[in-house]
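S.K.: Chain by chain, the residues run as shown.
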Amino acid sequence: MSKLTIEDLKKIKDRVIKENTPRLGEAKIKIIVHMGTCGIAAGAREVMNSLLEEVAASDRTDISIVTAGCMGMCSSEPNVTIEVGNEEPVIYQFMNANKMRQVFKRHILLGEIQTEFALARG
Amino acid sequence: MLELSLHILDIIENGINAGADLITLKIIEDQKNNKLSISIADNGHGIPSDMLEKVTDPFFTTKTVRRVGLGLSLFREASRRCEGEFKITSRVGEGTETSATFRLDHIDLAPMGNLESTLSSLIVGNPGVDFIYDHEIDGERVRLDTRDIK
Numbered sequence: 001m002s003k004l005t006i007e008d009l010k011k012i013k014d015r016v017i018k019e020n021t022p023r024l025g026e027a028k029i030k031i032i033v034h035m036g037t038c039g040i041a042a043g044a045r046e047v048m049n050s051l052l053e054e055v056a057a058s059d060r061t062d063i064s065i066v067t068a069g070c071m072g073m074c075s076s077e078p079n080v081t082i083e084v085g086n087e088e089p090v091i092y093q094f095m096n097a098n099k100m101r102q103v104f105k106r107h108i109l110l111g112e113i114q115t116e117f118a119l120a121r122g
Numbered sequence: 001m002l003e004l005s006l007h008i009l010d011i012i013e014n015g016i017n018a019g020a021d022l023i024t025l026k027i028i029e030d031q032k033n034n035k036l037s038i039s040i041a042d043n044g045h046g047i048p049s050d051m052l053e054k055v056t057d058p059f060f061t062t063k064t065v066r067r068v069g070l071g072l073s074l075f076r077e078a079s080r081r082c083e084g085e086f087k088i089t090s091r092v093g094e095g096t097e098t099s100a101t102f103r104l105d106h107i108d109l110a111p112m113g114n115l116e117s118t119l120s121s122l123i124v125g126n127p128g129v130d131f132i133y134d135h136e137i138d139g140e141r142v143r144l145d146t147r148d149i150k
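Those protein sequence lines, which keep their order, are chains P and F.
Going by the numbering used here, the residue at position 21 of the first sequence is 21; the numbering climbs one at a time, nothing skipped.
Going by the numbering used here, the residue at position 11 of the second sequence is 11; the numbering climbs one at a time, nothing skipped.
So that you can see chain P by itself, here it is in the shape it has in the complex (with noise of 0.2 Å):
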């Protein structure tokens, strides 16, 4: 096996600080605000952004956001879905500001799936 360079162990240490942005890095719960042009016009940016306060104020690191596309249930947006650790995704629709907050206390913090906001589970 060829020597390691220093130049290789640059290369690797970019590829893994690629792949492990912090946020994704010990992310156990994701959050998929779903940003097609539907979610926009419906106010899934608003969503978005009290999802950004909600997390920013828990202080908790585990927890990735990241965007989507639409889903094809552009009649329920803005939808949202929320993946637990390996348990099922469950999506919510018709969200908004209040919702997402409640959402994110009672959800991701103490684990009760709102299920009136729900549009479907897995």
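Hints are computed from structural coordinates only; laboratory data are not their basis.
Each statement offered as a hint is correct.
The calculated DSS-like cross-link candidates involving lysine-lysine, where the alpha carbons are at most 27 Å apart (straight line), are:
no.	chain 1	residue 1	chain 2	residue 2
1	F	LYS63	P	LYS30
2	F	LYS150	F	LYS26
3	F	LYS150	P	LYS10
4	P	LYS11	F	LYS150
Remember, it's a predicted structure, so these values are computed and weren't measured experimentally.
Chain P is already provided as a structure; the job is to place chain F on it using the hints.
M.R.: Leaving out everything else, chain F in the frame of chain P:
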């Protein structure tokens, strides 16, 4: 879309969905020439030329989950309403650039709205993507490059 910043969010999402890792947003507000221009460039996989003619058709989409694709058509209409011009250019493998101009004092011009919110949603929601935001208002310029702060 009630705000121009929502159109911007939408068009940038297109670029991210096209696999881009660098998005450049350039806004120029020029009171003297009564013109606002917004351009969004990405380094995603680009759009083939035969498809490029169809992207602003609201009944064209590459998605299979629904039959309409409104993002670019809405942005183009917003620009047309304000006596502006809309242009989209793309090269496969290199990326896409979408640009629109608006007459600044046009009564139908939507407000810019919450651009900070658009940018923060994009930056936080897409950790693997870098953004360059370049905003010029009558010669004064603000520039943010997320590669400088990450």
